[in-house]
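Undergrad: Read top to bottom, the protein sequences are chains A and B.
Residue numbering for the first sequence follows our numbering, beginning at 1 and increasing consecutively.
Residue numbering for the second sequence follows our numbering, beginning at 322 and increasing consecutively.
Source of the hints: derived by calculation from the structure; they are not laboratory data.
Note that this is a predicted model, so its numbers are computed, not measured.
C-beta: ideal position from N, C-alpha, C; glycine also.
Incorrect hints may appear among the rest.
Unchecked claim - Derived Cβ-Cβ restraints for the label pairs, each shown as a range:
id: 1; chain 1: B; residue 1: 330; chain 2: A; residue 2: 184; range: 35 to 41 Å
id: 2; chain 1: B; residue 1: 385; chain 2: A; residue 2: 25; range: 52 to 58 Å
id: 3; chain 1: A; residue 1: 301; chain 2: B; residue 2: 525; range: 41 to 47 Å
id: 4; chain 1: B; residue 1: 589; chain 2: A; residue 2: 121; range: 34 to 40 Å
id: 5; chain 1: A; residue 1: 40; chain 2: B; residue 2: 462; range: 43 to 49 Å
id: 6; chain 1: A; residue 1: 150; chain 2: B; residue 2: 601; range: 34 to 40 Å
id: 7; chain 1: A; residue 1: 246; chain 2: B; residue 2: 395; range: 52 to 58 Å
id: 8; chain 1: A; residue 1: 291; chain 2: B; residue 2: 385; range: 48 to 54 Å
id: 9; chain 1: A; residue 1: 25; chain 2: B; residue 2: 462; range: 34 to 40 Å
id: 10; chain 1: B; residue 1: 385; chain 2: A; residue 2: 155; range: 25 to 31 Å
id: 11; chain 1: A; residue 1: 275; chain 2: B; residue 2: 428; range: 23 to 29 Å
id: 12; chain 1: A; residue 1: 267; chain 2: B; residue 2: 589; range: 23 to 29 Å
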Amino acid sequence: MSNNLLEAVDLVKYFPIRGGVLSRIQDHVRAVDNVSMYIKKGETVGLVGESGCGKTTFGRTMLRLIEPMAGEVNFEGVDITSLSPVEMRAMRRNMQIVFQDPVGALNPRMTIKNIIGEPLKIHGLAKGGELTERVIELMTSVGLKEEHLYRFPHEFSGGQRQRIGIARSIALNPSFLLLDEPTSALDVSVQAQILNLIQDLQKRLDLTYLFISHNLAVIKYVSDRIYVMYLGKIVESAESEELFKNPHHSYTKALLSAIPIPDPDLKMDDVYLQGEVPSAINPPKGCRFHPRCPNATDKCKTEEPELVDLGNEHYVLCHMI
Amino acid sequence: MSEPLLSVKNLKTYFYTYEGVVKALEGVNFKIDKNQIIGLVGETACGKSVTALSIMGLIQDPGKIIDGEIFFDGVNLLKNSKDEMRQIRGKKIAMIFQEPMTSINPMFTIGNQIAEIIMLHEKVGKKEAMGKALEMLKSVKMSDPEEVLKKYPHEMSGGMRQRAMIAMALSCHPQLLIADEPTTFLDVTVQAQILKLMKELAQEIGASVLMITHDMGVVAQMCDEVNVMYAGLVIESAKTREIFHNPKHPYTTGLMKAVPKIVKTNVKLDSIPGTVPNLITPPSGCRFHPRCSHVMDICKEAIPKAVEITPGHRVSCFLYSRRSDDV
Numbered sequence: 001m002s003n004n005l006l007e008a009v010d011l012v013k014y015f016p017i018r019g020g021v022l023s024r025i026q027d028h029v030r031a032v033d034n035v036s037m038y039i040k041k042g043e044t045v046g047l048v049g050e051s052g053c054g055k056t057t058f059g060r061t062m063l064r065l066i067e068p069m070a071g072e073v074n075f076e077g078v079d080i081t082s083l084s085p086v087e088m089r090a091m092r093r094n095m096q097i098v099f100q101d102p103v104g105a106l107n108p109r110m111t112i113k114n115i116i117g118e119p120l121k122i123h124g125l126a127k128g129g130e131l132t133e134r135v136i137e138l139m140t141s142v143g144l145k146e147e148h149l150y151r152f153p154h155e156f157s158g159g160q161r162q163r164i165g166i167a168r169s170i171a172l173n174p175s176f177l178l179l180d181e182p183t184s185a186l187d188v189s190v191q192a193q194i195l196n197l198i199q200d201l202q203k204r205l206d207l208t209y210l211f212i213s214h215n216l217a218v219i220k221y222v223s224d225r226i227y228v229m230y231l232g233k234i235v236e237s238a239e240s241e242e243l244f245k246n247p248h249h250s251y252t253k254a255l256l257s258a259i260p261i262p263d264p265d266l267k268m269d270d271v272y273l274q275g276e277v278p279s280a281i282n283p284p285k286g287c288r289f290h291p292r293c294p295n296a297t298d299k300c301k302t303e304e305p306e307l308v309d310l311g312n313e314h315y316v317l318c319h320m321i
Numbered sequence: 322m323s324e325p326l327l328s329v330k331n332l333k334t335y336f337y338t339y340e341g342v343v344k345a346l347e348g349v350n351f352k353i354d355k356n357q358i359i360g361l362v363g364e365t366a367c368g369k370s371v372t373a374l375s376i377m378g379l380i381q382d383p384g385k386i387i388d389g390e391i392f393f394d395g396v397n398l399l400k401n402s403k404d405e406m407r408q409i410r411g412k413k414i415a416m417i418f419q420e421p422m423t424s425i426n427p428m429f430t431i432g433n434q435i436a437e438i439i440m441l442h443e444k445v446g447k448k449e450a451m452g453k454a455l456e457m458l459k460s461v462k463m464s465d466p467e468e469v470l471k472k473y474p475h476e477m478s479g480g481m482r483q484r485a486m487i488a489m490a491l492s493c494h495p496q497l498l499i500a501d502e503p504t505t506f507l508d509v510t511v512q513a514q515i516l517k518l519m520k521e522l523a524q525e526i527g528a529s530v531l532m533i534t535h536d537m538g539v540v541a542q543m544c545d546e547v548n549v550m551y552a553g554l555v556i557e558s559a560k561t562r563e564i565f566h567n568p569k570h571p572y573t574t575g576l577m578k579a580v581p582k583i584v585k586t587n588v589k590l591d592s593i594p595g596t597v598p599n600l601i602t603p604p605s606g607c608r609f610h611p612r613c614s615h616v617m618d619i620c621k622e623a624i625p626k627a628v629e630i631t632p633g634h635r636v637s638c639f640l641y642s643r644r645s646d647d648v
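Model the full structure from these sequences, guided by the hints.
TA: Right under this line is the structure:
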C-alpha cells in the first residue's frame, strides 16, 4: 500500500438543492457517490466521463478544494480531510491544480511574473531578485520566454496561457498535479504541444498526475491507468491498454464505440448508446446505467452492483460479470 | 460530370475593424457535388465559419465580401438581392449552428419555430405547418414528439436541442445543409447519435452537406471529400481516404500527426510549433511558412497556387508547384 501517493476512500459529495419559501433543502445532486481511487507514485491516472458525471467535483474533492461529506483522502499516508485549515494550507504545496479554462484561471490584472510568483510569495519561499530568477526558470521550463515577464494574460494565445497555468502549478515543486481538462479549450496542433510538455515535466520533476478529460484519445495518450466515471460512480478502472482492448462494462464499451476514429477505413461500430445521461438529482435506482444499458436485467433495476475485481488492477461495477 | 451544386471561387471576405482589416478569407476555392458530404476542417479562426456565413449571405458589418463568386445551382449568390437571398435561405440552403441554445429563440416553443419556417417558405396555414413540424420531429427520432412541440428550448437537453435544430433546418427539404460544428458541444455518446442521424436524413432527402468541424474523427467517419483550411485559405482538398492516407501539405500532415489516436499505441505526438497567425498582418507569401518545417525562400515571397497532383487532389504548396506557374 505504501507506494500509493494519493488515495481516496469512499468519497461522497452531495450538493443540496434548496427551494420553497424557507429555502429548505429539497433534494441533493449526487455528484460523487462512494468513489474510491488510488494513485501510485509517478503514475498518470486518467479520469474519463461525459459532462455532468462528477469528474471535476471528484478531482476537487481529492484536493479538498471542495469539502467531502464522507470518506477520506490519504496523501502519503496522511488523511487530509482531518487536517486543520493551517495544516491544509501547508499541505497544498504538495498538491496543485491546472484548470481547464486558461482565460478564467488567470487574473487579467496581474502580470505573468506576479501570477507565477504568487504561490512562492504566499508560502514565503522567495522574494526580490530570487523570486524573479525562480519565475524566469519556471517560465523557460514550460517554453515561455523571459521577455514575457511583465506582460498580461490577454497578450497570450490559449496555448501560451495554459503554459502559464502549468508554470504556476509547478512553482512550489509539488509531487501531485490535478490536470482538469487542460487541453479541452485548445486546438489540436497546440493540444499536442501541451500534452508533450505535460509528459516532459512529469519525467523531469518526478510528478504524479490525475488527468481529467472527456476525450478518450487524449486520456489514452497520457494515462497509465484509467477510471471511467458515470453519474457519480466509477464504473470501470483498468490499465490503459487493458481498458481499450478488453472493456467489460457496457458503458465503457459504448463510450469506446462512440468515438469517431480518425481513419476512414475503420468504420465505427454500431453499438450506439441511446438517450442521454440522466440527472444526478434522482439517479436511476439499482445500477445507474441500467436505463441505457443494452444488457440490463431485472436485477440491475433494483440492486446496486458491487465492484468486481478481475485481477491485474481491473475493476468493474456491474452485475453481469 | 454534372454541374456541382455549389462552387465557391476566389472568395475574399474581410472585416474592417478598429485594429485593422482582418483578412478572414483570402481567396477560398472549393465545390460541393450533389448528394455529397463535404468536410471543411481547420483550427480555430481559420475561416471555416466565415465561409459558411458568406455562402448564407449572413456576413454583417464590419464584414464585407470583397471579391469572388459563389455559384449555387447555376446562380451567383453574391449577385442576388436581399429578398432573393431570403427566399433561398432556409428553403434551399439551411444551416445548423454550433451552439443550439443561442441559435434557437428562447421565447418561442419548438413547434412554433419550426412552423414559422414552413409557413414562410411554403404557402401553408398554421395547422398544416404544425403537422409538418411534428413529422419533422418524428423524423429526427425525437422521443415524445407531441410533447416537444410545446416545449421551450430551455426545457430540453443539449442533444434534444440539436435534434430540434436539425428538424428545423431540414423542414423545407434544402438542397444544401451547412453544419457548423454541429456536435462540438455534445458528449461523445450523443455525438455518435446525431452524426448518424444527419447522415441518414441527408441521404433520405437528397441533400448535400457541408460539414464544418475541427475533429478529424468526425471527418473520417462522415465525409466523402475534405477541404483543409488554414488562415483563410483552402490549402488542400481531396477524397477523405486520400487526405488521411496520403496528405501532401505540411500543415495537413502535421495536423494528422497531432491527433492522439485510440487505435495506435503510444507514439509521441508530433506537434506543429507556434500558433495560428493573426489575420490583420498575416505572414507574407504562404501563410503557413513560419510554422512549416519544409520552408523555402520562395514560400516567404509568393502565395502558392493550387495544383492538382492526382485527379481530385489539390494542394497549394511550393513543394508541389513551381514559381514559374504563377508569376
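Undergrad: All the hints need checking, so say for each whether the structure fits it.
TA: Outcome of the hint check:
no., hint, result
1, 330/B <-> 184/A: 35 to 41 Å, "holds, 37 Å"
2, 385/B <-> 25/A: 52 to 58 Å, "holds, 56 Å"
3, 301/A <-> 525/B: 41 to 47 Å, "violated, 36 Å"
4, 589/B <-> 121/A: 34 to 40 Å, "holds, 36 Å"
5, 40/A <-> 462/B: 43 to 49 Å, "holds, 45 Å"
6, 150/A <-> 601/B: 34 to 40 Å, "violated, 24 Å"
7, 246/A <-> 395/B: 52 to 58 Å, "holds, 55 Å"
8, 291/A <-> 385/B: 48 to 54 Å, "holds, 52 Å"
9, 25/A <-> 462/B: 34 to 40 Å, "holds, 38 Å"
10, 385/B <-> 155/A: 25 to 31 Å, "holds, 29 Å"
11, 275/A <-> 428/B: 23 to 29 Å, "holds, 28 Å"
12, 267/A <-> 589/B: 23 to 29 Å, "holds, 28 Å"
The structure shown violates the earlier hints numbered 3 and 6.
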